[in-house]
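Listed below, chain by chain, are the residues.
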Amino acid sequence: MQPLACTRKIHFVPLLYPPSCFKLKGMRNHFSIFIFAAQLLFVGAAPVAAGYSDLTLPRIIYKGGNDNARPEGLRSLLSQIARRTSVEVNREPIELKLSDPKLFKHPFIYLGGDEPFEPFPDKDIKTLREYLSYGGFLFIDDNSAESESGFDRSVRRMTKRLFPQTPLRNIPRDHSVFRSFYLLNTVSGRAIIQSYLEGITLKGRTVLMYSANDQAGAWSRNKLGDWNYDVIAGGYRQRQLSIRLGINIILYALTLDYKKDMVHLPIILERLRRYQSP
Amino acid sequence: MNFLAKIFGINPMEYDQWQLNWAPEDPWLISVSLGLIIPLALWFFWTSLRRIGSRPKKVFIFFLRIMAFSFLLIVLLRPELEFKKSHSLKNHIAVLLDNSKSLSIKTFPGESPRIDLVKNTLEFNEKYLEQLNSKFNVDTYFVSDEIKKTGSHLENYRPDRPFTDLSRVLNELERSYENKPLQGVLLFSDGADLTEEPKKISEGILKSLARINAPVYTFQAGSNDRFKDLALESISVSDFGFVQQPVHLSVMVFSSAMGNRNVPLVLKEGDRILVSRIIEIRNDKKYYKVDLQFTPRKMGKRIYTLNLPRFAEESILSNNQKEFEIDIARDRVRILHLNGRPSWDSRYLREVLANNPRVDLLSFFILRSLGDDVAAPTSELSLIPFPSNLLFDDYLSSFDLIIFQNFKFEPFIDKKYLLNIRKYVEKGGSFLMVGGELSFQGGSYSRTPIEDILPVSFKETDSWFIDQEFHPKINEELFNHPILRLEKDLQLNREVLAALPPLQGANLGLVARKDAYVLAEFGNGSSSPAPIIVAGEFGKGRTALLATDSVWNWRFRKEGGSRYFHRFWNNAIDWLIAEPQTRRLQLESDKDRYQEEQQVLIKLKLLQKNYQPASGVTGRLTISSRKEEIIAKEITTDEQGEQTFSFLPDKAGFFKARLEIGGLQEEVMFSVLKDNAEFEKPLANDFVLKKIAEISGGKYFLLNGTNDLSGLQFDNPKIKTKSHSRSFSLWDNWWAYGLVAGFLFLDWWMRRKAGLS
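So the protein sequences, as listed, match chains A and B.
Going by my numbering, the residue at position 84 of the first sequence is 90; the numbering climbs one at a time, nothing skipped.
Going by my numbering, the residue at position 714 of the second sequence is 717; the numbering climbs one at a time, nothing skipped.
Bear in mind the hints are in silico, worked out from the structure with no lab data behind them.
Hints are supplied without guarantee of correctness; some may be wrong.
[To be verified] Pairs of lysine-lysine, BS3-like flavour, derived with a Cα cap of 25 Å:
1. B:K608 / B:K594
2. B:K93 / B:K9
3. A:K111 / B:K476
4. A:K108 / B:K476
5. B:K659 / B:K636
6. B:K202 / B:K231
Looking at chain A on its own, in the form it has when it is part of the complex (with noise of 0.2 Å):
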């Protein structure tokens, strides 16, 4: 038995998915058009019933470079979310400054980019340093999909003013993160430009994630359902996993090292023995 739930709240967000979601064996091509064509006379006609504590995905905005290179990734993520596991969403991300009170009232943050952007003022850093003391989380995703862009050179230089005695460190694939919901064990991406991910860890809390594998460029779709950008030297299954990965990041972040806890890893360590992920 799988642990399901009857979530009473009811989102009317349509989910839109492409005719090829809806392709079951043997069953014919015109129906998954229907029922696509269906979802869309929901499009835009139902109210969201967002609540405080729901899931909040907020993009860091900073000075220089592009803090929104991919603008529909996150949307498309929050979407996969709500389709795929029981957390509530707010569907539509939000734009936050470092400096913006607001903040605080939202434990995952995310800065994605692709050009080099300027050194972060000292009270930013001091406040992020704060935020992710306290119980903040960062996913910082370089959307250039070059490798040692000048958008990771100013993610490296803004990480080592962050924290100088902690540097980002390879993320050990036995971390929580390739277990909190899928099980894992590569890094994907819409281009792999590093196999591993890298964070930082505080207090065996893990406050901190950076993939050089644009992620949200994976995770991009359309209103249409088409996927925004094409993943390199991979296919289907490459993009999946970067949806996945994406939804384990959150996941950790809210439930952190549940996965960790003895009840879980005879079945899990058991699957993974069987389980050879691609």
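Starting from the known structure of chain A, arrange chain B on it as the hints suggest.
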């Protein structure tokens, strides 16, 4: 003697000796000094007489000078004549009678107590002892863990002391006779000295024997021949244990002459058998080590009883049962935390619980809803089945606290298990429901056993949840409630509560029950306030609710800091699991264990519902042993809501003090110990008695009640001591000084007559 007595005018019958004493500390030094000076002076004097022609005259004058010098010497040496009366000094004999409890043990074949062998022997040798008493100073002592001098009458000789410590006894005996001649010691004992290691003699005994330097004759009362007994010799177990954690006991069973048989060893708590074990007793084996294990289910001071069957032919029956007490505490707080969905609220609460070293946390997050499409086979997911049967049937009672956080029970928990939760709380468990849209009515808990146990009832409302920012209004009456005590100082606590960041989102449609503690409310002005933090009691358990899912705001804010968030939850957990400091009625004894004849002090403290001291409240205190009520007393609290009561138990055993006051009741247990250690190791110890006799130069005897002691002879050396005396000075009188002056004057006059200067 008579002549001298006549001279000095004393009765010669009063004195039997006389003695000349010289007063100077070193008369020899003076004598030698004067022996050198006087001859030299006399030689000069003799030469000065050469002008005198007459030899007789010359010799006479010289004689006068010698006499003058002689009397001068007597004055300087200050001689005294002492007349004295003296008599012979008696030596001491010490008779040591063991009066420890082991002397009450039956000995075979007569089946009389060991002490009777001692008494019979003393009676049988009465004449010898009288003779001994006339020649020596015979001192009789009762010895055990102490040494106490007694008279020759033995009416008070009873085996009532807890144990024997021969090392201490001999040490104190030696100190008593430090300046007295001790000629011998008679020690009547069974040798059952638990302070001595088997087949060894302690350093303390050896040292004392060396200092006593007199023969010790040892008389063993009782032997181990045909000694029948089955005993719980020792129990090795910790004084404290932890609830739901196995407690290990190691029991040493002693068997002597009990034949070959199987006997059950049973461990009980009250009348309930916890564990039993069959011991195969064999004639050729005396000691049996048995390891037992049991798991305490309830906290507090628990009394356990170990039992062996009692057989009529045993020497001693009381050592077949032993009671002991273990203080069962909570080692860890076991919490079951169920989350309806991952959220920031559940994440931060889990962080508090998981990081609390006192907490054993079992948490479940419902990660996937019924309608969710995970787009992956189960083998690629980390999700596990939800073990509702195990949690809510088999292991429910092992949890100290159950938390439902924004959790809808269907379809994970069968409705019948909600009844189990109700029973669990009723019996003393704790339950907390944390708000959210899946809690309370939103979780379909209306008219379920969960609604019964919560301190609120549900009412129909248009909306079950409101998403609005608010500052919870703290109930002024309950500022002292343990859940709200974020700071010890009341004023500071008030400020801290007021400064907490606002909450957002509240469950509606909750009505606090009459007996509930409404700690905080939410009021938007338009309707009646909605309870936000409510605590209550159900049966023996405690329940609470938090009708919001935004307390994480108190953790994740720059202002306010996170420590109050942690403190709030720790307070809530402490209150829910009824930690002692959160109880309104506290009853305790000043000690867990008392010795016999020790005063027991019971203290109570009563707080009102608002946790202020409850003064002037009268309740009923009863103190009972396991079988009967001993004391029943009305007791009234003072201004501080406190009171004490003391009493002196008239017997040993386990006692329970129970107080009913102000609608509350509390119990405390304590024990009054009686030292029966010697019954646990009842064998006579011939080794130690033989060794004492051998080392001291005495002799060892095994008593049969008719032993003849007349063969024991003690020397009484003729040491004499004076009883009275009288001294006469031989120099400090007129004729001594007169003779000196007379001889010198006559010497001077003769010299003048002879024409000398």
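Here is what the structure says about each hint:
1. Among the hinted pairs, K608 of chain B with K594 of chain B is consistent with the structure: their alpha-carbon atoms are about 17 Å apart, no more than 25 Å.
2. With a CA separation close to 33 Å, the supplied pair K93 of chain B and K9 of chain B exceeds the 25 Å bound.
3. Between K111 of chain A and K476 of chain B the alpha-carbon distance is near 21 Å, which keeps this suggested pair within the 25 Å criterion.
4. This hinted pair checks out: K108 of chain A and K476 of chain B have alpha carbons roughly 24 Å apart, not beyond 25 Å.
5. For the hint pairing K659 of chain B with K636 of chain B, the CA-to-CA distance comes to about 14 Å; that is within 25 Å, so the pair holds.
6. A hinted pair counts as satisfied when its Cα atoms are at most 25 Å apart, and K202 of chain B with K231 of chain B qualifies at roughly 21 Å.
Comparing the model with each numbered hint stated earlier shows that hint 2 is the single one that does not hold.
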